[in-house]
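Could you put the whole structure together from the sequences, leaning on the hints where they help?
Protein chains in written order, with our numbering: chain A, 1 to 470; chain B, 1001 to 1493.
To be clear, the hints were calculated from the coordinates, so they are not data collected in a lab.
One thing to keep in mind: the hints can contain errors.
[Unchecked claim] Looking from chain B toward chain A, a few residues come up when the C-beta cut is under 8 Å (computed):
hint : residue
1    : A1013
2    : L1016
3    : F1149
4    : F1171
5    : A1176
[Said to hold, decoys possible] What follows is a list of derived Cβ distance ranges for each label pair:
hint : chain 1 : residue 1 : chain 2 : residue 2 : range
6    : A       : E94       : B       : H1195     : 53 to 59 Å
7    : A       : E423      : B       : S1006     : 36 to 42 Å
8    : B       : H1360     : A       : N88       : 42 to 48 Å
9    : B       : L1363     : A       : E426      : 34 to 40 Å
10   : B       : L1035     : A       : D285      : 57 to 63 Å
11   : A       : V264      : B       : L1035     : 46 to 52 Å
12   : B       : E1075     : A       : M148      : 23 to 29 Å
13   : B       : L1016     : A       : S56       : 34 to 40 Å
14   : B       : T1235     : A       : M148      : 45 to 51 Å
15   : B       : L1363     : A       : S434      : 48 to 54 Å
16   : A       : D285      : B       : P1452     : 49 to 55 Å
Note that CB positions come from ideal geometry on N, CA and C, so glycine has one too.
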Amino acid sequence: MKWLILGPEIYFLAMAVVFLILSLARHNARRDFAAALFLAGLGVAVTLTTVCMEGSFFSGAYRVDLYSQVFKGLLSLGFFLVVCLCSNLKGIEEESHSEFYLFLTTCTLGMMLLVSSIELLTLYVALELSSYSLYALVPLRSGSGQQMEAAIKYFLSGIATSALMLFGLASLFGATQTTYIAELTLKLPGLLHTPMAFIGLLLTLCGFFFKLALFPFHVWAPSVYQGAANQVTAFLATATKVTAMAMLARLVSMSHGNTSLAHVLIALAIISMTYGNLVALVQKDLKRLLAYSAIAHAGYALIGILSMNPTGYAAAVFYAMAYLAMTFICFLVVVKVASDGRNVAIVQLAGLHRRSPLLAMALLVGVFSLGGIPPTIGFTGKFLVFNAAMERDYFLLVLIAMINVVVSLYYYIQVVKAAFLLESEEELPAIKLSASVAILIVVIIVVIIVGGIFPRYLFQLATSAIRGLL
Amino acid sequence: MSVEFSGFPFLSAILLSCVAGLLVILFIPREREALVKWVSLAFSAIALVLSIYVYCTYDRTHGGLQFVEKIQWIESLGIHYFNGADGFNLPLILLTGIVHFTGVLTMWELRGRVKEFFAFVFVLVLGVFGFFMSMDLFFLFVWFDVSLFPMYPLIAIWGTTRKEYGALKLFLHVLAGSALVLPGIVYLSVVSGLHTFDIVALMRPGAFTPGQQRFAFFLFYIGFGILAGVWPLHTWSPVGHVAAPTSVSMVHAGVLMKVGAFGILRVGIFVCPLGWEYWSPLMAILATIGIVYGIFVGLTQTDLKYVVAFSSVSHMGIVGLGLSTVTAEGLSGAVFQMFAHGVMTALLFSSLGYIYDKTHTKLIPDLGGMSRVMPMASSYFIVAALAGMGVPGFASFWAEVTVFISALKVYPVLGSLAIFALVLSALYMLRVVQRTFYGQRNERYAQLRDVPFSLGLPRMILIAVMVLFGLFPRLMLDLIQTGVIPFMGGLAR
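In structure tokens, the structure reads:
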């Protein structure tokens, strides 16, 4: 019975096998989509049934607790949402559809294993499982060739960071003689003044800075966001970020409020926010803009983590939930506007308010939520994060972050302006949304707004989830 | 979750009427423009009636915070949904109700994207109502931003002169203000050690050291001051007002600038009174410069809307001057001036809006002799202009007199400068009136129709309100006093 706790992992492994078999059979896009949608929906249900379970496996290397299960829930939800966008998978050759779902599943599986790993080697293996799936997903896009540039950039910078991370793991082991996070938590705070342990921890974090696209590990983000198929980017921008936030919180919490580490993280957060927002100001392509906005958001999310107090970790978890919802809705608009799977320039949003008022509304809510305007979940996330930082007296950091928020509003407003104000030169047809997509959009809008106005239960969930960390 | 209500939640009902209006509008098909307008009118009427009811039934003998609604929102952070009415915010709640209702009526002739327009207006007004009645810093900030973001689409889509530039400038300026306010609010909550955002709890003497109060007050003064049009942070305001469509100018100059001033009052002055005393000389200087500057720049404008916009800068300076005196009279005068200026500017923009709709120009040299073409429209403007000059018989007279008397006592030099400037303002308004409404008639506009009764209604309501409170100022001053006197008495001197 104990193995039932591993339900989500086993389920996603089985799902990967199903897609493996489907990829051997004759290609049929409709069948693949139907199977994926059904299995993904069931996957959310399976994951949610295990939310309150706890257990420890593989001689303590793998732990299932509320923290990991909340993130598994988010991951399965993210997976399901991305699959919902695949009804019209024009960006990927039809014969690769089942491979696309296969890699998407293994990537999700890898990240699920990741959030439960509490031993460094397990953690590394799980991370590589998800990374390699992504390396394969990026070049799947059909057409021009920019996907190859993106894939190579992603792969090379990815394995370089992996090497850095391995080096960090080795140093950590050298300094502490253990690879178990539980023991590290006890030994590390006393050792962090030694360069070996400190650099070891910092390099280990780099692996996840890369996933989060935090400065200086952001170089891949713009090209990959732009080069990968819209659905792949949507997955990359939501699920992997959420995992990275979870893992950073777990690893940083090992240091027990070390100030030197906090100072390094503060510097990274400030540079990341400022750099991301400033470069985003001049972007013309919507996905590229979202990539720079993601770099900036990596900085905001890090503020919660670097506060290293319970409010901060809870705020980071809340931020991860918020980020999933608001980024997804922006990508939903990208996918629906680009019905042929191409990229969307910001000017191509012109006339969206007439072509599809609901999509325009969704974009407005998503973008304002990313910009942190109340009453959206994005604002509440930022507020919680800032509150945590203020408890540690980081007033200047909060002020810089707020100034960044104002800078970012300029480019977010450009998106809104394109969708609501500009009229397209040629008459474009209305975008038809199926009833299920319309319902999905409305549900996410409601989640973003209600989560912003009434964050009570989500925040309570986040607060109870991080008890496992401390 | 603990819930405390003293009686029926009238204040939340006002907010709900806005939310309900918004939801109903969202579900009306966009072709049914007339229906959207009627629904907007109905819900704005409900909000108006409720705000009048709250205003009239407030118990003036007891004073203090009434109509309290308090719901615990997030315990671990000490956030409450906490609304209350007192002598400070009741005039402004009433003002919002009046301006919203008359604003909807003023936009009765709007064509194109009507549904979206009124939906955004309801969001805007929801934020403003919430801001005035909230007694929790977190919610105060939420409402603050809710009231700001609809301004961008409202101006950029339905506006006129340089609308995109104006909208963006306004939006970025006021949100830069909120970038100072949010750290300030979180800072207060954290350094107090009380883990609460409840204004009443944070007002406890001794919650903050004088240094903390000075620091936080400065943040709030600048942050909210941008929205209040404090010189030299006002530059967004003329551009934004000119670009905005009529009813948005009304709500914006009439109500939203008061949101800024009220923010200084409710957050800055209430929570950081020592900071207020410390910075009051600076406030007085900036306010006086604002009064004088607004009038002199207004004198040279040729665009009617710019004239009105600069008069707003100048009149908001009077509010600032009242706040800077740190006296009970000054504070009452400032609150009264917020109300009086709100009604007056709404009327100015509203009557201008009609003239612009018909003539498609707002340049003074192009008009002329309008009083013979549109006697009614002209007289609305002239009445508002008279009120703006501070002619007795209008509400603004009492407000300005109260402010200036206390300003003269505290800052004799600045006070007399401001009074001198106000004399000039008569010249400035009369110049506009003379050139626009009298003198040579421009034959191009001779055939235009005057304001019909239905469209004149909102302007008549606004005039009636100004005259009512001008003839019976105690209706309002007494109410304001119930808030001001205990507050000033409670200040540790």
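Now the hints, each set against the structure:
Look at A1013(B): its Cβ only gets to about 17 Å from chain A, farther than 8 Å, so that hint breaks. With 8 Å as the threshold, the beta carbon of L1016(B) stays out of range of chain A, its nearest partner Cβ sitting at about 13 Å, so the hint is violated. Evaluation of the F1149(B) hint against chain A yields a held restraint, the C-beta minimum of about 5 Å falling below 8 Å. Taking 8 Å as the C-beta contact cut-off toward chain A, the hint placing F1171(B) at the interface holds, the least distance being around 6 Å.
Hint status for A1176(B): holds, given a least beta-carbon distance of 5 Å to chain A, under 8 Å. About 57 Å separates the C-beta atoms of E94(A) and H1195(B), a value consistent with the hinted range of 53 to 59 Å. Range check, E423(A) to S1006(B): Cβ separation about 52 Å, and the 36 to 42 Å hint is violated. Judged by the Cβ atoms, the range 42 to 48 Å given for H1360(B) and N88(A) holds: they are separated by roughly 46 Å.
At roughly 36 Å, the beta carbons of L1363(B) and E426(A) sit within the given window of 34 to 40 Å. Roughly 40 Å separates the CB atoms of L1035(B) and D285(A), a value that falls outside the hinted 57 to 63 Å. The given range of 46 to 52 Å is broken by V264(A) and L1035(B), whose C-beta atoms sit roughly 59 Å from each other. Hint check: E1075(B) to M148(A), Cβ distance near 53 Å, so the stated range 23 to 29 Å is violated.
Remark: the range hint 34 to 40 Å for L1016(B) to S56(A) is contradicted by a beta-carbon distance near 50 Å. For the hinted restraint 45 to 51 Å between T1235(B) and M148(A), the CB-CB distance of approximately 49 Å keeps it satisfied. A C-beta distance of roughly 52 Å is found between L1363(B) and S434(A), which places it inside the suggested range of 48 to 54 Å. Between D285(A) and P1452(B) the beta carbon distance is about 51 Å. The supplied range of 49 to 55 Å therefore holds.
When the structure is compared with the earlier hints, violations turn up for hints 1, 2, 7, 10, 11, 12, 13 and for no others.
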